[in-house]
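Dock chain B against the given chain A, drawing on the hints supplied.
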Amino acid sequence: MKMNRRTALKLGAASTAALAAPSIVVASDMVKIGAVAPKTGPLAGGATVTQWPNIALWANQVNAKGGLMVDGGQKMVEVIEYDDQTNPGETIKAVQRLATQDNADFIVAPYGTGLNIAAAPLFDRYNYPHLAVSAITDQIEDLSSQFGGMFFLLGSTTAFVQGVVDVLQGMQAEGSLTGNKVAMVNVADAFGIELATAARPLFEAAGFEIVYDTSYPLGTQDLSPVMKAAKAAEPNAFVAWSYPPDTFGLTEQAIIEDLQVEAYYTAVATCFPAFGGRFGAAANGILGAGGVNPDSDKFKAYAAAHMEVTGNAPDGWASATTYASLQVLEQSIAAVGMDREAVVEHVKASTFDTVLGDMNFNANNANERFWTVGQWQNGVYQGVAETGREGAKPVMVKQGWA
Amino acid sequence: MSLTGKEIQGVILAAIALLVVGALPYYGSDYLLSLGITIAMFTVLATSWALFSGPTHYISLATAAFFGLGTYTTGLGFESLPFWSLVLMAGALGAVLAALVGLATLRLSGVYFVIFTLGLAELIRQLITWGQNMTGQKGLYVLTDFTEGNLYMMLVALASAVFLVGWLIGRSRLGFALRIIGDDETVAAHSGINTAQAKVLLFMVSGAVAAMTGAILAPRYVYIEPALAFTPLLSFQVVIMALLGGVHRLWGPIVGVIPFTLILETISANFPNQVTLFIGIVFLIIVYFIPRGFAGLIEQARSWSQSESMA
Numbered sequence: 001m002k003m004n005r006r007t008a009l010k011l012g013a014a015s016t017a018a019l020a021a022p023s024i025v026v027a028s029d030m031v032k033i034g035a036v037a038p039k040t041g042p043l044a045g046g047a048t049v050t051q052w053p054n055i056a057l058w059a060n061q062v063n064a065k066g067g068l069m070v071d072g073g074q075k076m077v078e079v080i081e082y083d084d085q086t087n088p089g090e091t092i093k094a095v096q097r098l099a100t101q102d103n104a105d106f107i108v109a110p111y112g113t114g115l116n117i118a119a120a121p122l123f124d125r126y127n128y129p130h131l132a133v134s135a136i137t138d139q140i141e142d143l144s145s146q147f148g149g150m151f152f153l154l155g156s157t158t159a160f161v162q163g164v165v166d167v168l169q170g171m172q173a174e175g176s177l178t179g180n181k182v183a184m185v186n187v188a189d190a191f192g193i194e195l196a197t198a199a200r201p202l203f204e205a206a207g208f209e210i211v212y213d214t215s216y217p218l219g220t221q222d223l224s225p226v227m228k229a230a231k232a233a234e235p236n237a238f239v240a241w242s243y244p245p246d247t248f249g250l251t252e253q254a255i256i257e258d259l260q261v262e263a264y265y266t267a268v269a270t271c272f273p274a275f276g277g278r279f280g281a282a283a284n285g286i287l288g289a290g291g292v293n294p295d296s297d298k299f300k301a302y303a304a305a306h307m308e309v310t311g312n313a314p315d316g317w318a319s320a321t322t323y324a325s326l327q328v329l330e331q332s333i334a335a336v337g338m339d340r341e342a343v344v345e346h347v348k349a350s351t352f353d354t355v356l357g358d359m360n361f362n363a364n365n366a367n368e369r370f371w372t373v374g375q376w377q378n379g380v381y382q383g384v385a386e387t388g389r390e391g392a393k394p395v396m397v398k399q400g401w402a
Numbered sequence: 001m002s003l004t005g006k007e008i009q010g011v012i013l014a015a016i017a018l019l020v021v022g023a024l025p026y027y028g029s030d031y032l033l034s035l036g037i038t039i040a041m042f043t044v045l046a047t048s049w050a051l052f053s054g055p056t057h058y059i060s061l062a063t064a065a066f067f068g069l070g071t072y073t074t075g076l077g078f079e080s081l082p083f084w085s086l087v088l089m090a091g092a093l094g095a096v097l098a099a100l101v102g103l104a105t106l107r108l109s110g111v112y113f114v115i116f117t118l119g120l121a122e123l124i125r126q127l128i129t130w131g132q133n134m135t136g137q138k139g140l141y142v143l144t145d146f147t148e149g150n151l152y153m154m155l156v157a158l159a160s161a162v163f164l165v166g167w168l169i170g171r172s173r174l175g176f177a178l179r180i181i182g183d184d185e186t187v188a189a190h191s192g193i194n195t196a197q198a199k200v201l202l203f204m205v206s207g208a209v210a211a212m213t214g215a216i217l218a219p220r221y222v223y224i225e226p227a228l229a230f231t232p233l234l235s236f237q238v239v240i241m242a243l244l245g246g247v248h249r250l251w252g253p254i255v256g257v258i259p260f261t262l263i264l265e266t267i268s269a270n271f272p273n274q275v276t277l278f279i280g281i282v283f284l285i286i287v288y289f290i291p292r293g294f295a296g297l298i299e300q301a302r303s304w305s306q307s308e309s310m311a
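Each protein sequence line maps, in turn, to chains A and B.
Following this note's numbering, the numbering of the first sequence begins with 1 at its first residue and continues without gaps.
Following this note's numbering, the numbering of the second sequence begins with 1 at its first residue and continues without gaps.
Bound conformation, chain A alone:
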């Protein structure tokens, strides 16, 4: 019995000591970049398309150039990756581990609104610049005043909805949208609810009549009743505030039902290369959330490198913004060195040259120039509405499903 207790005590003491001991600080020429995002769980699919490949691409490119520019010299980048399992408790633990055990010099913002916000207090406590991409919210002002180093690159909920309303109004003015009847559906989950709630008054103010308005639960397999009812309402435009699985599911049903509308919009994942691959010619004219200018030289070079390094094409929206967030970090380190607080101040005060074009931040740490709506046009996902980006294409009218 004595033996056992003593052994147990020793084991306990040893493990406690191992955990408590500060990691040995080695004078290193490496810059440690921490990354926490889902590799498993509900958001893993999105993170695998948008988040992880861009971290890998950026690290690859920086190291190919000989490293990050730091204080006149160059340092290679080492990425430390953790899977948060789409669980905020794990995100918090992993960020804590990066900050205090791995002594990460900088940490890439997590993936998803909830996980970004869960990590925000830790980024703030250790003064890490928090360049949040996949975190769209209307609480930017509150969050950035609470967490001074938190930046928002992808836009706000209301701006996204306004983009869609503007696109439809523009089509009306041109005469390509011949009525004001909108069928609107949303996935009954956080972002879908938020978008639908913002959309109702905006559509109304713009003179649209919502002839069909319903929601469906997250994970619904059978969307056929939704599409049948939407079709029966005889809308001129169909708008779905949807998530990846239902973006695909609704479009499949629209083809089956042969939904006749002049504008067809689905939200998240419409911009994924897999969407164009899945629907081919039928995707032509489909509007989706977010966009890019695929014809700009910067984006072309980026997309080619993305293809070469990761083996896949970037998506038409947040991929490039994620990459841009790392460019902002890289350029700030080159300008002011490794002092994290100085980097935060530099991000606030400067304009950066990114794959999306020039980027800077307003008083609420928000990037005001972003893409809101894109459209599949002859096999390419083109940005068609923005809040200050160049290269928006004219909107096409949706013509059938063949």
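Don't read these hints as lab results, they were simulated from the structure.
Given the structure is predicted, the values throughout are model-derived calculations rather than measurements.
Beta carbons are placed, not taken as given, at the ideal position from N, Cα and C, and that holds for glycine.
Mixed in with the good hints, there may be bad ones.
One-sided excerpt, in silico: chain B residues whose CB lies under 7 Å from chain A [as the list claims (entries may be wrong)]:
| hint | residue |
| --- | --- |
| 1 | M134 |
| 2 | E225 |
| 3 | L228 |
| 4 | N270 |
| 5 | Q274 |
| 6 | T276 |
Here are the computed distance ranges between Cβ atoms for each label pair [to be verified]:
| hint | chain 1 | residue 1 | chain 2 | residue 2 | range |
| --- | --- | --- | --- | --- | --- |
| 7 | A | E345 | B | G22 | 31 to 41 Å |
| 8 | A | N378 | B | T144 | 48 to 58 Å |
| 9 | B | R107 | A | T214 | 37 to 47 Å |
| 10 | A | E341 | B | T144 | 43 to 53 Å |
| 11 | B | V287 | A | L202 | 47 to 57 Å |
Showing chain B alone in chain A's frame:
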């Protein structure tokens, strides 16, 4: 009530342990503290789970439902009410919910109860989502000034309360009744024990504690939405940790929670791409080699060393 010498020894040991554990924020690193929060959270959840499931052998998968209920109590009320009152309110709501569920299902045999509790978290999650959809209410932001140290202390206090309550129940008529129910429910009923009432009462304790844990931890997550608050994984983790430790002793779950959390931490720090695979392997090892949990192993070792010393 009088205490035996052994019990006094236990109380002293518990007090020392509480002092060492409770003072962690003053001597531990931030990293240790964040591990401490995870351990404290699962200690509370697994111990309160075992309070009910240990003696009755009813497997409850409702932890996530109570936990989520608690986080939403804080999320909805933290701007208008003092925090401590929200924790108490969460406890009350958790107890009421447990009573409703218990009254509906605990008269039935075990398997109905398991299925119902599994569905409960999903049911509440869908109800909240439906409510959000109707009102346009978005995810809740819980921005407070609590540090991890504050939250950790609250969890340790809650854990102490759970151990105290568990110890008192173990000594009470209720505890005795539950052990009889666990051994043979028919016999218990024939002995004049109101089995349904006893089970419901204990399930309420378990539910209240899980809800209070959720209420305390809401400020740590900052952003509350149904998918995150009601994650079903939590219910399973609690069951696994409690079983790993052993549910036939009050201190059983804690000897499961601590190694499990440390193993999980080691795996996710060193094999970030294979976390699920390694967790699966660890489960297999547990099931094959330590089916009675660490508490069983420790007791086995004790009786072995005692028989050795006698020989």
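We went through each hint and held it up to the structure:
| no. | hint | verdict |
| --- | --- | --- |
| 1 | M134 | 9 Å, violated |
| 2 | E225 | 5 Å, holds |
| 3 | L228 | 5 Å, holds |
| 4 | N270 | 10 Å, violated |
| 5 | Q274 | 9 Å, violated |
| 6 | T276 | 6 Å, holds |
| 7 | A/E345 with B/G22: 31 to 41 Å | 39 Å, holds |
| 8 | A/N378 with B/T144: 48 to 58 Å | 52 Å, holds |
| 9 | B/R107 with A/T214: 37 to 47 Å | 39 Å, holds |
| 10 | A/E341 with B/T144: 43 to 53 Å | 24 Å, violated |
| 11 | B/V287 with A/L202: 47 to 57 Å | 55 Å, holds |
The structure fails to meet hints 1, 4, 5 and 10 from the earlier list, while all remaining hints are met.
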